[in-house]
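Undergrad: Next come the chains, spelled out residue by residue.
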Amino acid sequence: MTAAAILLDKVSVRYRIPRERIGSLKEYAIRRLKRRLYFDEFEALRDVSLEVPGGETVGVVGRNGAGKSTLLRLIARVMPPTAGRVVVWGRTAPLLELGLGFHGELTGRENIMLQGALLGFSRAEMRRRTPRIVEWAELEEFIDAPVRTYSTGMAARLAFSVATDVEPDILLVDEALAVGDERFQMKCHARMEDFRRSGKTVFLVSHALAAVRENCRRAIWIHEGRLVRDGDSASVTELYHGWSVGDPVALPQAL
Amino acid sequence: MSASEAVVRPGPVPLYDSAASRSRALEEARALWAYRGLVHELVVRDIKVRYKRSVLGIAWTMLAPLLNMVALTLVFSTILKQQIANYPAFFMTGAIFWAFFSQTTSTAASQTQDSNEIAKRIYIPRSVFVAAAIGVGLVNLALSIVPLLAILLVTHFPIYTTWAFLPVAISIEMFFAAGVGLWLFTFASRFSDVREMYTVIVQTWFFLTPIVYHPAIVPAKFRFALWFNPLYYLVQVFRKPIYDGVLPSPALVAVSAALSVVVFVSGWIYFANRAERFAFHSG
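Top line first, the protein sequences correspond to chains W and Z. When we follow this note's numbering, the leftmost residue of the first sequence carries the number -3, and every step to the right adds one. When we follow this note's numbering, the leftmost residue of the second sequence carries the number 2, and every step to the right adds one.
No lab work stands behind these hints: they were computed from the structure. Where a beta carbon is used, it is the ideal one built from N, C-alpha and C, also for glycine. Some hints here could point you the wrong way.
As a list, the in silico EDC-like pairs of lysine to aspartate or glutamate whose alpha-carbon atoms are at most 16 Å apart [to be verified]:
id: 1; chain 1: Z; residue 1: Lys53; chain 2: W; residue 2: Asp140
id: 2; chain 1: W; residue 1: Lys6; chain 2: Z; residue 2: Asp18
id: 3; chain 1: W; residue 1: Lys6; chain 2: W; residue 2: Asp36
id: 4; chain 1: W; residue 1: Lys183; chain 2: W; residue 2: Asp140
id: 5; chain 1: W; residue 1: Lys22; chain 2: Z; residue 2: Glu197
id: 6; chain 1: W; residue 1: Lys183; chain 2: W; residue 2: Glu134
id: 7; chain 1: W; residue 1: Lys22; chain 2: W; residue 2: Glu47
id: 8; chain 1: Z; residue 1: Lys49; chain 2: W; residue 2: Asp140
id: 9; chain 1: Z; residue 1: Lys121; chain 2: W; residue 2: Asp43
id: 10; chain 1: Z; residue 1: Lys49; chain 2: W; residue 2: Glu101
id: 11; chain 1: W; residue 1: Lys22; chain 2: Z; residue 2: Asp194
id: 12; chain 1: W; residue 1: Lys183; chain 2: W; residue 2: Glu101
id: 13; chain 1: W; residue 1: Lys6; chain 2: W; residue 2: Asp43
id: 14; chain 1: Z; residue 1: Lys53; chain 2: W; residue 2: Glu101
Simulated coverage check for chain Z against chain W, where a stretch passes if three residues somewhere in it have a Cβ under 8 Å from a Cβ of chain W [said to hold, decoys possible]:
id: 15; stretch: 28 to 39
id: 16; stretch: 115 to 126
All chains should be built: construct the whole structure from the sequences, respecting the hints.
TA: What follows is the structure, given as structure tokens:
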């Protein structure tokens, strides 16, 4: 638990949103000629600095649109920061949102290969891992059936199993655990615990504060793009909860 | 960019540093190589899904140009009274050439939506989607050699040794199509109507290129227009070894290869520099 796994140094992200949604080239060309092209800038993250050592489990809380998903996108290197610097040591594996990259016509087994490839693994590697993935997901009987025949819970188990079996150094989880039955939730929890114990880093974005308290040692609260609280998960979630239900004192004065 | 003290840490070299200076074109190339397994997987997926969804499946890939060929042979040999020896052979070579170009570029233009959905959530070099489109095109091209050979055999057309030149001709066409695909993919990510516009463009382009007709039927005063059409050169490089039984002239090969390289390299650089911003309009 010495070296940083993730480091954000004064990171800001700005989205440029056309004031009127111009999705077509024709319209764009006409407006450009008329010089009537306006953009709104939207700052999804402002000046966020954060250091996460390896082996840390971090919960991210905040309202919808606060910038939580943008934070995960930065770490997953899906988008670059507008300003500041993002450094990531190690391999990240986002827990793919349900069905992302899954193809309904393909079987569970074929989808494992596809998911593995999306995460950058070779075919040989994925073939080796497949039995374990299937076993954890408890899908032995259905693995050669098309995924379109799966229930939501089955698809979620398969997705979680693939994402965690590939042994990333940093696991990014965005609201994915809300599905599935209790047994699945417990298994997820146990697996994240294994992760943490083996020195890996977990990021969990969730509105379920109980899940954050249960799975994470540390929590950060993001409000309107700023990191307003960073501390142990019990106290941060308590503060956030207090503010959510209308306790004005809870929101730090710094805002 | 000034790094704060805290940034300098012991430990392994970071896998990702947003501030590291780099050539995006090189980085994209390196990433594409690292994700070659994904390209393979996407090509396999495309073929499997096609196979599973329809009764005819793969056979359709071979039947479609045959049916087209029959229709167009009727139209062009009777109505236009063209004097082309063994029109079916002439047409089939052109049709295969065209199918590869139009399929791969149209796929590249229409894939942006799906690929953005994925690329918004996990990191993948987006060039894998263009590479996969090319891969699928190559598989289709290989499959359509079957009906071509069938036609040649049925019409007692000779199979020349110059067929051996085809890998070169296909490579030239492949890089050209990839270049056009990269440009289209980049535009289509920004503007949703590019896909529909390209459907119209590619249809017009088909009729402006001597695919189903001989360039000789173009009136002399308009023939110069062909010189500005890159596919005019490329289709000859492809057709001569099969249909005429001769190698394309070095000058023709040089012009075609140069066009391919220019379109591909410019497309790659443009694509690589825009790729990070595709999904979000950020920055």
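Undergrad: If you check each hint against the structure, which ones fail?
TA: 3, 4, 7, 9 and 12
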